[in-house]
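There are 2 protein chains.
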Amino acid sequence: MKQSEQKKIRLKTSKEINDKLVELGKKVIKQLKDYENPSVNIPLRSLSNVYFDEKSRMLHLGNKTSDRSYLNLSQSKSFMQTMLVASKLREVIKDGSHFGLRQLFYMCKGGIPGTKENTFDDQSESDIIIEDIEGLLSRLREEIGIFAISKGKMSGDLKIVDSGDKIDCGKLGSSGYGIPSIVEKGIIDFDKTSVDFVLVVEKEQTWNRLNQDRFWKRKNCLIITGGGQPDRGTRRFLHRLNSELDLPVYVFTDMDIWGYYIYSVYKQGSINLAHFSENAAVPDAKFIGVKMSDVEKFNIPKSHWIPMKKIDYKRVREISEYEWFKTDKAWQKEFKKLSDFKHVVEQDVLVAKGLDFMSKEYLPFKFDTKDWIE
Amino acid sequence: MKQSEQKKIRLKTSKEINDKLVELGKKVIKQLKDYENPSVNIPLRSLSNVYFDEKSRMLHLGNKTSDRSYLNLSQSKSFMQTMLVASKLREVIKDGSHFGLRQLFYMCKGGIPGTKENTFDDQSESDIIIEDIEGLLSRLREEIGIFAISKGKMSGDLKIVDSGDKIDCGKLGSSGYGIPSIVEKGIIDFDKTSVDFVLVVEKEQTWNRLNQDRFWKRKNCLIITGGGQPDRGTRRFLHRLNSELDLPVYVFTDMDIWGYYIYSVYKQGSINLAHFSENAAVPDAKFIGVKMSDVEKFNIPKSHWIPMKKIDYKRVREISEYEWFKTDKAWQKEFKKLSDFKHVVEQDVLVAKGLDFMSKEYLPFKFDTKDWIE
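Protein chains in written order, with the numbering used here: chain H, 1 to 374; chain D, 1 to 374.
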C-alpha cells in the first residue's frame, strides 16, 4: 500500500472518531442546557452481557447498557472520569501521535480544585474508562492511538509497511518482527504474500526454536507467537492476516487447560474483551496440538508429564461449560481425557525428544495427516 | 562483518566451550578411575562472594568456591544434575542450534531407574545449574546457545547482521528491532555507525513514544529499552554497543528507587548475576533523569506525584548502603532528597506536560545542559 493511501485511511479514521467524540460532547452540553441530568449510556461488559454468537462463531456483547450520570452519588466520579478521558482522547486523535495507557493515565490525573480528591488515583481506573469509551464510540483505543505493552513476534515471507518503512519479515534474523500494540490499517499494511498459512505458537521460546530452524521457510508459512496469553496487538494482527490475506490459522499450544483457553481466545475472542472479538477473533482457527493422542503417538515419556494441580481441574470444569465448548464433542472428549490423564504436556517437551524433532517430525506429521481439531 | 567471518567466530567459541566441557568430563572420569570422590569446584554466587571492583567499576565474583561432590548426601543430587546438564550442553553446542531454558529443563528431566525420583522436578533447579556451569567454564549460556525470554527493543541508524540477515534498525517502523536473548559475536554483529550516543529508556511505553517522535533521528542516537528490569540480552547488547562502537550511554528511568537500581544494573551489573557483569556492564553510563531537581525545574504538578510506600523507603535504605553508592556523594544526596520528598515521579509524567514535551523539551534540555549524574 502506498504512503498516500495509508495517510488517507488514517485521516478517515481520525475524522470519524473525532466526530463521534464531538457528538458525545454536544449531547452532554445539550443535556446541561436543557436542565437534564447529564448522562451517557455505556454497553455492559460483564459476563451477563457476553454471549457466543452461533452465526459468526465468536463472543459478542449483548444489548444491555448502563446509564452513567452526573447527578448520582455513585456515578458522579466515573461520569467525570469518562468526560475527562474522552476530552484527552480528542487531543490525542487531533495530534495524531500515539500514547501509552500509563501516559494517558497521567494526562488525565490531576487534583480537583477545592478538594483533596484526585481525578484518578490509579491506572486501573483509566484503563476501565478507556474500554467504556471504546463501547460508547464502537471504536478501538488502537484506532485512537493508545498503545499498551506489546509482546508478539512474527517471521516468514511477508512484507509489511509499518509507519512508512517497508519491512521484509523473512529477513529479520533471530529477532523477527515485533508485533506492535497498534496494528491498524493505514499504520501497518501487508503486501500480497504467497505463504500458505499461519502457525500460531503459544510460547516465545517455542517460536524462537522454530524460527531458528527456519520452519516458516520449510513449510511456506508465517510463524507467530503472542507470548502466552496474547496481547490485543497480536490478536488483531492475526485477525488481519486471516481476514485480509485469507490465510488459514493453526494454533499450537501446551496440552493443558491454559493452552486450550489461549487457543479459544485466538479463535472466538475473550470474555473480558468481548467487544473486541469482531476485530480480533479467527473463528476458523484450528488446533494442531499438543493433544492427548500425541502422547501415545509420539511416545512422550512419563517423566516429561507434569502433574495437574487443583486449579487446573477447576479450570477444566469451568471451560468445558463455556457455551462454545459445551456442544463441541471433540473438545468435550479432549477435556475428559485431560482430566483422566491428570497430567500436563508442554510443547517444549517435543524438543527433548530430539533437538529438531518438533520442526522436522512432529509438526510436519501433524500437517501431513491433518491431525487437528477444527 | 562477513558471514564467513561470523561463522569463524561461532566455530571458535563452540570449540573452546566443547573443549572445556570435555576437560570437565575427563577430570571426573579420572577421579573415578583413581577411586577418588568425584567432585567439581563451583564459584560461589552468593552475596558474600560479590564485591564491587573499584578499578573496573563493576560487580565481580570473589574467589570463594564450593566443592560439589558425588559421595556427599547433600550434594549427590546436584552433582548428578551438574553432570547431566553439562552433557546436554555439549549436545547443544555440537548441534549448533539454540534452545530455551525451559527446553533444556525437559532435555535433562527424566526418571532415575529403580527409584521414584526425577533428575529434575522444576525448571528453577536446572536454571541454577546452568549458572553454576557458567561459573565452572567461565563462559556464558548465551555462548552455548541457551536463550531465555527476550524483551528489549532498539531503534536508530545502526545496521546489524543478525543470523545472516542485514537489518537496518532505522527502518523498522513502530516495531523497532527486538533484541534477542542471544546477541553474541558471530551471531549478531554491528556495522560502523555515525550515531553519537545511546539513550536507554526504562519502560517500553516511553520508548514507544520516543520512537514515534523519531527522537533517535532528531538527536542522532540509538534508543533502547529493556522493558523495566532488563533481561540479559538487552544488557549484553548495550555493553557491546558501548565497548565495540565506543558509544556513550545515558540511562533514563523513573524517579524512584526501582528506576535508580535499574540504572545501577545497566552500569555496574547486578548482584545475582555478578559473574555476568564483565560481559554486560557499562561502567561509564550516565544517569540523565528523572531526578529530584527536575521536579522543580520542569514544574511537575503535585497531582502527578505518587506517594512512596513502606517498601520503597526500605529499598532506599538498602541501596544507599551498597558499596558503589555509599561513597558517591551525588547519589547519597539524591537518595536523601527522595526519602524527604516522599514521592515517586515516573517518566510517563513528562508526556502529561504536553504531548511532545518529553522529546522536544525535557530530553533536549537535559542533553544541552549536561544535566546528568556521572
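Hints were generated in silico from the structure; no laboratory data involved.
Glycine included, each C-beta is placed from N, C-alpha and C at the ideal position.
Be aware that one or more of the hints could be misleading.
[Claimed, not checked] Chain H regions said to be covered by chain D (calculated; three or more residues, Cβ under 8 angstroms): (1) 172 to 181; (2) 277 to 285.
[Said to hold, decoys possible] Computed Cβ-Cβ distance ranges for the label pairs, DEER-style: (3) H:P301 with D:S56: 31 to 41 angstroms; (4) H:R57 with D:I373: 54 to 64 angstroms; (5) H:E117 with D:D356: 44 to 54 angstroms; (6) H:S56 with D:D165: 31 to 41 angstroms.
Here's how the hints hold up against the structure:
no.	hint	verdict
1	172 to 181	holds (count 10)
2	277 to 285	violated (count 0)
3	H:P301 with D:S56: 31 to 41 angstroms	violated (47 angstroms)
4	H:R57 with D:I373: 54 to 64 angstroms	holds (57 angstroms)
5	H:E117 with D:D356: 44 to 54 angstroms	violated (29 angstroms)
6	H:S56 with D:D165: 31 to 41 angstroms	holds (39 angstroms)
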